[in-house]
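Build out the structure end to end from the sequences listed, making use of the hints.
In the order they appear, the protein sequences are chains A and B. So that you can map any letter, position 350 of the first sequence is 345 in my numbering, and since no number is skipped, the others follow by simple counting. With positions in the second sequence counted from 1, the corresponding number in my numbering is that position plus 36.
Source of the hints: derived by calculation from the structure; they are not laboratory data. Among the hints, erroneous ones may be present.
[As the list claims (entries may be wrong)] Cross-link-like lysine to aspartate or glutamate pairs, in silico, EDC-like; alpha carbons within 20 Å at most:
#1 A:K100 with A:D290
#2 B:K162 with A:E30
#3 A:K174 with B:E255
#4 B:K270 with B:E253
#5 B:K275 with B:E255
#6 A:K100 with A:E388
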Amino acid sequence: MADQTTNPIAFVADGTIPPSPPPANQTGAVKWLRENLFSGVSNTILTVLSLILIYVLLKNTMPWILNGVWNANSLAECREILAGKTGACFAVLTERWPQLIYGFKYPVDAYWRPNLAFVLMLVAIAPVLFFDLPRKLLIITALYPFVAFWLIWGGTILVPIVALVGCVAAGAVFQKFGKNSFAAGFFGAIIVALVVWKLGGALIPEGASDGAWLSAVPSRDLGGFMLNMMLGLACVSLSVPLGIALALGRQSNMPLIKWVCVIFIEFIRGVPLITLLFVASVMLSYFFPPDSTVDLFLRVVIMITMFSAAYIAEVIRGGLAALPRGQYEAADSLGLDYPQAMRLIILPQALKISIPGIVNVAVGLFKDTTLVSVISMFDLVGMIRGPILASTEWNGVYWELLGFAALLFFVVCYGISQYSQWLERRLATDHH
Amino acid sequence: MSTMTDPPKSDFRLSMLINDTRYRSLTFQVIAAVVIALSIWYLGNNLIQNLRAAGLNISYSFLGDPSGYDINQRLIEYDSQSSHGSAAIVGLLNTLLVAFLACITATVFGVVAGVLRLSNNWLVSKIMAVYVEIFRNIPVLIWIIIIFTIMTAVLPGPRAFRGDSPTSSMLFDLFAFTNRGVYIPRPEFANGLFGSTFLNWLLVIAVLVGSLFASREIEKRATLKQEQTGERPKTGLVKLAVWLVPLAILMVIMGLTWNVPALKGFNFSGGIKIGGPLIALWFALSIYTGAFIAENVRAGIQAISKGQTEAAAALGLRQGRIMNLVILPQALRVIIPPLISQYLNITKNSSLAIAVGYADITATLGGITLNQTGRAIECVLLLMLFYLTASLLISTVMNVYNASVKLKER
Chain A
-4 MADQTTNPIA FVADGTIPPS PPPANQTGAV KWLRENLFSG VSNTILTVLS
46 LILIYVLLKN TMPWILNGVW NANSLAECRE ILAGKTGACF AVLTERWPQL
96 IYGFKYPVDA YWRPNLAFVL MLVAIAPVLF FDLPRKLLII TALYPFVAFW
146 LIWGGTILVP IVALVGCVAA GAVFQKFGKN SFAAGFFGAI IVALVVWKLG
196 GALIPEGASD GAWLSAVPSR DLGGFMLNMM LGLACVSLSV PLGIALALGR
246 QSNMPLIKWV CVIFIEFIRG VPLITLLFVA SVMLSYFFPP DSTVDLFLRV
296 VIMITMFSAA YIAEVIRGGL AALPRGQYEA ADSLGLDYPQ AMRLIILPQA
346 LKISIPGIVN VAVGLFKDTT LVSVISMFDL VGMIRGPILA STEWNGVYWE
396 LLGFAALLFF VVCYGISQYS QWLERRLATD HH
Chain B
37 MSTMTDPPKS DFRLSMLIND TRYRSLTFQV IAAVVIALSI WYLGNNLIQN
87 LRAAGLNISY SFLGDPSGYD INQRLIEYDS QSSHGSAAIV GLLNTLLVAF
137 LACITATVFG VVAGVLRLSN NWLVSKIMAV YVEIFRNIPV LIWIIIIFTI
187 MTAVLPGPRA FRGDSPTSSM LFDLFAFTNR GVYIPRPEFA NGLFGSTFLN
237 WLLVIAVLVG SLFASREIEK RATLKQEQTG ERPKTGLVKL AVWLVPLAIL
287 MVIMGLTWNV PALKGFNFSG GIKIGGPLIA LWFALSIYTG AFIAENVRAG
337 IQAISKGQTE AAAALGLRQG RIMNLVILPQ ALRVIIPPLI SQYLNITKNS
387 SLAIAVGYAD ITATLGGITL NQTGRAIECV LLLMLFYLTA SLLISTVMNV
437 YNASVKLKER
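Following this line, the structure appears as structure tokens:
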């Protein structure tokens, strides 16, 4: 004890030593590289293999893309310009652009009509996708199908107007009677719409489309990516309400309705879309009245809508099943009847749960619209495989065309799935 | 004192049919039944009238008529004199073949990509993310066409293998990749125990199944021993022997030889020819569906709570064994139901064969037969019946499997 107090203290720190910077391999990029790419032998091997893979891919594709020829009239001309170098012949895209987008029979002077319809589609779809936009914009959305129909098919304006009047009348009837009894309003609306369409159809004179301001374009002249977009948009928007109805029907406690819905859904889900398209192209016309001609586009829309409605119904059924039983009981205890409970309590929650699934089905459906090329409709894939690759100028330009188609679909589908993820985050009201 | 009173007995009024919950559902069902019956009658009536106008009738006798077309890729004997019915069976087997092959490879691709996507290696997980996004977001039809184009337009013709300085050569002198298909060696038995090749192969399969049971028995005994003594006997070599020795003995007895493809004249002969369309369909379905399966696998693995990994690590298990023994068995329960629907998707998407000319059932029955005979309704109905049966069978089998791996709860 004593010597401790007597011994003079050799060193007393009179301040704190400033912290020295961490070793170079423990900070910044080096640390990140060590942890994420070279943390062990196997990891390093994987990294090196990946780098080699990327290098090989880039080495083989980059010169091809960068040397690409954008201005030529045929493959032979392309090869002349390239003079033996590797390079893509993107000229096919610029030269055949209208065919790829609109098909090969759509009148050239009418290209502005699908273009305008496309721009309007962006406007019309915006309030559906983004809830923050003013709700008044939904009026445009409601009008859009009629405007788009008129723009793309042309002909007399009376047809879309009669269709619109029928829908407005149905809406009015539903507003009036739907308050007291949903069933009365619903069936009344359907009957009124059918009556208006029948009467209006009789009023439109034969040959009204002949001298119309927008020349009439028959369905078989539609093609290219436009056809994919039209099929995708029409079928998705039609199949969501049908899918909701089927899902509710499958949950119903009325045995007849339940079993009809179950059989329909399971049948459609059990067969490939191609067979349904065969039905549309060779079999469906047998089921229409003998003197009627329903054009192929409509038949295809009917079958694809049924197809995706069955899948959407299953997604929504999952959403309905995920709701706690208490929600149904709470709606009952408030004295709501079935349509009110569904509209106000159950469906808003169930649909919210189902959104990712519905978007998945929509993306799948949009990709599946390429199958119509098998029943000789000239969508984007049909155009590429048919008129373009078979032409003497562009015979052999596979990669540019297929790559272009792949890119278009990738952009649209990836965009939709990113939107769905954003929406999921946006709608999440529970606490984490 | 309170008395129970019966609800007032009112007379039945017509409005009760819609307003009284006791009768309402009945009313609706009667209305629905009438509507359904009317629409069936309407459609059926249209059908009868249209058929009569076209001078057709519904009959399946065309299935017995000679088909008059050839099929390159076939598993059973068939020529153009065979009936439409046997063409349909050739197509059916081809569908099952490509679906079976694609299910296996898609699972392999999917599991590898799904596990690698969760890798600690940043670069690898990003590459896998890119793979998944690219393949999921581009239609499978475009993938089939792309790979078919590679098969036909990029691979060399048999001519390139000819001459003194050929521009192409066979891989290991065993495999030939040409634009007419891929040729691989075919095993043949010089002195098979049975006359028919089919029975010989059946024998090989029987021996393999026997080996499977034997090796399972060895595993079971090892586990029993481990439970009794705590020491697990080494089984690796014994199991290897159980698999290889009987097979090798059988091969020697039957005189196995390899029929290697060789260039004869303008084409390859010998070996097994796998046509370009089959490879295109098989590979495209595998990588496309593999991307979806990768997402299912990733979701399944992520659904297992991190506590499981940590608990396993606390027990001293190595990284690989944590995955094999703790995570994957639990993740499988999450993965299998979506996996079943992916297998169903493969089976249904195999109908795209018609786009590249692979003779599956859609291309034979729904394509050439339909066009030759004009029997649209019969062909499409048979086609749908086949796919429905296949879908139901696959989902039944997989559901039984799912039930067997399900968490056993009280």
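Hints, one by one, checked against the model:
{"no.": "1", "hint": "A:K100 with A:D290", "verdict": "holds (16 Å)"}
{"no.": "2", "hint": "B:K162 with A:E30", "verdict": "holds (15 Å)"}
{"no.": "3", "hint": "A:K174 with B:E255", "verdict": "violated (70 Å)"}
{"no.": "4", "hint": "B:K270 with B:E253", "verdict": "holds (14 Å)"}
{"no.": "5", "hint": "B:K275 with B:E255", "verdict": "holds (9 Å)"}
{"no.": "6", "hint": "A:K100 with A:E388", "verdict": "holds (19 Å)"}
Checked against the numbered hints above, the structure breaks only hint 3 and satisfies the rest.
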